[in-house]
Amino acid sequence: MEQQLRKMTYRDALNEGLREALQKDERVFLMGEDVGRYGGCFAVSKGLLDEFGPERIRDTPLSESAFTGAGIGAALGGMRPIVEIMTVNFSLLALDQIMNNAATYLHMSGGLFNVPLVIRMATGGGKQLAAQHSHSLEGWYAHIPGIKVLCPATLEDARGMLWSALLDPDPVLIFEPAVLYPMERTLAVDAGPVAIDKAKLHREGKDLSLISYGSCLHKCFDAAAILAEDGIEVDVIDLRTLRPLDTESFLTSVAKTHRALIVDEGWRSGSLAAEVSARIMEQAFYQLDAPVERICSAEVPMPYAKHMEEAALPQVASIVATARRMVHG
Amino acid sequence: MEQQLRKMTYRDALNEGLREALQKDERVFLMGEDVGRYGGCFAVSKGLLDEFGPERIRDTPLSESAFTGAGIGAALGGMRPIVEIMTVNFSLLALDQIMNNAATYLHMSGGLFNVPLVIRMATGGGKQLAAQHSHSLEGWYAHIPGIKVLCPATLEDARGMLWSALLDPDPVLIFEPAVLYPMERTLAVDAGPVAIDKAKLHREGKDLSLISYGSCLHKCFDAAAILAEDGIEVDVIDLRTLRPLDTESFLTSVAKTHRALIVDEGWRSGSLAAEVSARIMEQAFYQLDAPVERICSAEVPMPYAKHMEEAALPQVASIVATARRMVHG
Amino acid sequence: MTNTDIKARQPLANQEQSLHLLRQMLRIRRFEEKSTELYSAMKIRGFLHLYIGEEAVAVGVAEALSTDDAVVATYREHGHAIVRGMSMGAIMAEMYGKVDGCCRGRGGSMHLFDAEHRLYGGNAIVGGGFPIAVGLALADHLQKKARVTCCCFGEGAMAEGEFHESMNLASLWQLPVLFVCENNFYAMGTALELSESVVDLSSKAAAYAVPTATVDGMDVIAVAEAAKKASDTVRETGAPFFLECRTYRFRPHSMFDPELYRSKQEVDGWKQRCPILSLTNRLKEKGWIDDSTLEKLEEDIATEIASAVDFAEQSEWESVEDLTRFVYSDVGVN
Amino acid sequence: MTNTDIKARQPLANQEQSLHLLRQMLRIRRFEEKSTELYSAMKIRGFLHLYIGEEAVAVGVAEALSTDDAVVATYREHGHAIVRGMSMGAIMAEMYGKVDGCCRGRGGSMHLFDAEHRLYGGNAIVGGGFPIAVGLALADHLQKKARVTCCCFGEGAMAEGEFHESMNLASLWQLPVLFVCENNFYAMGTALELSESVVDLSSKAAAYAVPTATVDGMDVIAVAEAAKKASDTVRETGAPFFLECRTYRFRPHSMFDPELYRSKQEVDGWKQRCPILSLTNRLKEKGWIDDSTLEKLEEDIATEIASAVDFAEQSEWESVEDLTRFVYSDVGVN
Ligand SMILES: Cc1ncc(C[n+]2csc(CCOP(=O)(O)OP(=O)(O)O)c2C)c(N)n1
Ligand SMILES: Cc1ncc(C[n+]2csc(CCOP(=O)(O)OP(=O)(O)O)c2C)c(N)n1
Ligand SMILES: [Mg+2]
Ligand SMILES: [Mg+2]
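Those sequence lines, one after another, are chains A, B, C and D.
Following my numbering, the numbering of the first sequence begins with 1 at its first residue and continues without gaps.
Following my numbering, the numbering of the second sequence begins with 1 at its first residue and continues without gaps.
Following my numbering, the numbering of the third sequence begins with 1 at its first residue and continues without gaps.
Following my numbering, the numbering of the fourth sequence begins with 1 at its first residue and continues without gaps.
Chain A with its partners taken away, still in its complex shape (with noise of 0.2 Å):
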């Protein structure tokens, strides 16, 4: 039987995931700026208020710290709270709660209290929207025990992860690539609840692994076709959990290809890439024909100008350039 699939924007996906949440789980909640009556700042949330109502889609005020804090407390309190923070630049203003509180909670009381909190987030560059709005910082974020860190890249995983999350008792952050939102594709018309516990291999190749995530997992996309053309076949690996790192998906692939590139849209110092490179170098260095390289953000706020944001961010064309030379030579 054939699979029905519909067209939707990554941002419909999202929004039917939210709804589907809360009809399914009465202590499911909404909770942000902007979330109800606005529509959402990134329309993901639209329709929701009228159908759900404002005690569950819950405009808060410019609050940040409080209302993700209140989010843990809700959590606490039996609730299944979704706090939507409408970027991660404004994320840090709640860090102290994230990581003082939800990513502590159950080890310092002893495994009395867990916290099953989803945080969403809007992430990433793009848009021309300069150095307040523009970062990248989901992978800083893996950094932290106690929490787990999600970036959906492609309409199965923007309809899916949500539940999934729901479900999981500790916190989980989902960081949400905003360039991605009106990206259009098609999804299985019973797509639902997808695993967070592992990465995906998208393509198949012998010759480089690409490893990526987020919004740059469409740019290996093209940048594998592109070099498919010239002969060079990819694995192109999908993190999608970036805490805890599915490490297996991508010791494998490197163990076929024996090379690896990362992209990361994060700055590359203190990157995620950084930390997948030390664990191939770590478990993988015997098989390694080359060194694993990284291609990630220029270490610079970003600018707003088109030109220098492009310069920034990383992109196909140094993606193929450097996936050439590493097979090449």
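Wrong hints could be hidden among the right ones.
Claimed, not checked - Listed next, the stretches of chain A that the computed footprint assigns to chain B, with coverage defined by at least 3 CB atoms under 8 Å from CB atoms of chain B: (1) 93-103; (2) 123-134; (3) 143-149; (4) 268-281; (5) 289-295; (6) 298-308.
Claimed, not checked - Quick list of in silico lysine-lysine cross-link-like pairs, BS3-like style, CA-CA up to 27 Å: (7) B:K127 <-> C:K34; (8) D:K144 <-> B:K24; (9) D:K145 <-> B:K24; (10) C:K34 <-> B:K306; (11) A:K24 <-> C:K144; (12) C:K264 <-> B:K46; (13) D:K34 <-> A:K306; (14) A:K256 <-> A:K198; (15) C:K43 <-> B:K306; (16) C:K43 <-> B:K127; (17) D:K43 <-> A:K127; (18) A:K127 <-> D:K34; (19) B:K200 <-> B:K7; (20) C:K145 <-> A:K24; (21) D:K264 <-> A:K46.
Stated by the list, open to error - Which residues of chain C face chain A? A few of them, derived with a C-beta cut under 8 Å, are: (22) C102; (23) C103; (24) F113; (25) A115; (26) P131; (27) I132; (28) V134; (29) G135; (30) L136; (31) L138; (32) N168.
It is worth saying that the hints were derived from the structure and are not from the lab.
Glycine included, C-beta positions come from ideal geometry on N, C-alpha and C.
Keeping the supplied structure of chain A fixed, place chains B, C and D with the ligands upon it in accordance with the hints.
Positioned in the frame of chain A, the structure of chains B, C and D with the ligands alone reads:
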């Protein structure tokens, strides 16, 4: 002529550095919680209130974000503020100011406004202060472009880094490992400012590069002494400045030893150690005789109990054991 | 630091209740005195913040709470943990870092938790508990549970942005939070006057349209009375209330505090108003207690504490293999 | 959203000043109208927040400031940048992302900076400017410079913790900050009533012992008057002042706002009170302006804008090689 030495603690050295800065430059002032009347939460600023008065040794309310941001503003306004945040854990409340303002001002303004601000804070575990007072986030901070990140491990640096940081036109964060405050050593009578752009090779050997910083540096010294008894000679490198990293320093060492072990109190995933490993991968892969390894903190919120905390932190025994295995196979 | 606006001494309710309040305060006092000894003996480590002098607050407020209510406290929470009904053994073992501690030795003095008694910490980030309390109350509101969440904090915490955000949220959304300010006039070494542009803390809270009351925090009967009224209001309205208890800590902030910021006279002045001493005197005046009853009370408490210490001494250390347990609920993931 | 407590219309001072105020408001209005066109033409990108409807605030406040004072503004700061004295060309080129922009194309619409005119941004983090303003004033205080730092923000920002912390610091330390609340009754789609438990914003500020005033932000003469008094107070006392200007944005929050949260009637009601329209009418009543003067004024402004656009069009792109410049002052370090 022989160098005259004095015995003092790491804390004393910091205190002297502060006093000298306040004496040398009228624009310098110290601001933070309990820096004055209380004498500093770790007694670092003891005595300064009497000498310089409450305008320059400025006790603040519990308002980390506002007084850190006020430091940025005061720096923009022509002063040379030193902001003290009691511990790095509380700095999360000020992260918005640090990342979205201090680190971006110069760039966003196209070079118009630099921020000559110094922020000092205690960091790290080892004092049984549990999960909200013990983390080592300096390596994590080193991810942020636009700031510089220092971590003095020696009396010389505790004494000298502050003035160099004050001369820097851009925001500099100085992380003081809290376990080092009572450490007693000797310091030259005429000790003064130190370079803040270079790592330091403290001990030389041919068999392995031990790369570290902060309180772990001292564990590396101990390990190196033990290893020497076995006939294993190691380089011990103190990174000192975590951003920008002095890559040259460890590449030079690895070119000689062909083996590197990084010891870092940060949580392992996404640690500064990962960055160092990734750089060695990229720039010295063909010189390696064995994979670079890392010894970091266990990925747990710091437990209170002593034996558990010790188990969570890097220890001399594991450094020695790992180094032995790496050298002898 | 004038207390002029504090209401007159409350009448003692009845003998039984008064004795109960005295007993609770004494339990805290003696427990903490023992703790300092054990700190000096290096059995307890890390930070240890004593509640000595402030016992009337926790004890008085506890009277107004039911077992179903929730409490969010600070790093100075031994008193709250004890009056909440936790066993001294579990608390002491925690401070020893033993596996039978309430948090299996992971939290220590600053992080006492108890699921049964709904004590949600023990939070060592000043102001960190405000949003948590708002969230617990939000959960009750959404689940239509008529419970109170009691949020305790020092006056120093009121300068933090989270106080502001949380007061506004609680009032805007009309959530059942009882905010209890333990105003001991100092935040470490920073006097209230150096921390707040407005030192009348009730007026600060009133700026969020939250009803307020101020009470003499050295008078346990007064605190119990005020807390009862306050919590009744919260229960009736489902909305927040702000109760300021003016009190004083007799001891240093923690075990590392040279106390340069206040005079011995000031401390001694407040010690005259010791909540335990004054209640004892009033009970004696009334003839509701005599020396032998008092002695018996002290003996019982000494026994309770001794057995708590014993329990802590006997308890095992958590196995180091369990280091990464409780990072996630599904053990093993990292 | 009642404005009952707002004082009656202020008398027009004199012809020259009134015409100047009108001209300034018109410059902002026309500049922004042009900007929306250029946004549609994709010359300007990113977020573009318009000040249209609120011009009286920036213009009136600017009257009270000297060139030596400092201004800290938000992402809705074209008006402030223009009245501060920046050239429209530098602003327009910035929004084009060109190298001749005031920030060499790195900031865009939300981050206009100017060293000469002491405009410290252009901050796109709501509330992020509060502590900066406090710090600038602290620097002046410490250097004994009698200057004012003017901190502009929307009413939505008052829910942020940084508002609370900064108001307290400014008052506690008696620092010369003029806080100007541009109360346009909405924070994106969130009405004031849904954001603040107390909607009387002056009373919120008063809780920090900061003197306050509220003014009709649609009446530029009234704003100028009130701002003058407020800044005089700041200059005299060296201490903060809080000025609420009640105004309205006629346009969507940014270019991506379906405006589901307010009615067309409400918007139209406020448009009746357009500050430019009403000042023009009053000037006409007085006989201080006629159609030809007005036409001339419009022409001059059109010319100024045209040459700004021209300047932006002609300007070069920053070289991509300079991508990492201005991350640190000592170029090259990374
Ligand atoms: C965010 C934060 N900043 C600073 C500290 C260090 N600190 C611990 S307690 C304290 C004083 C708090 O005073 P107050 O709120 O009045 O409570 P009290 O200790 O008097 O009970 C400080 C500054 C902290 N734990 N958290
Ligand atoms: C900390 C933070 N949270 C959220 C946002 C997104 N945001 C930008 S403007 C805005 C509304 C602010 O309203 P207000 O302060 O009233 O200013 P106005 O836009 O009305 O001038 C929001 C929510 C932001 N930029 N920063
Ligand atoms: Mg206090
Ligand atoms: Mg507004």
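Which of the numbered hints are not met once you compare them with the structure shown?
As far as the earlier hints go, not one is violated by this structure.
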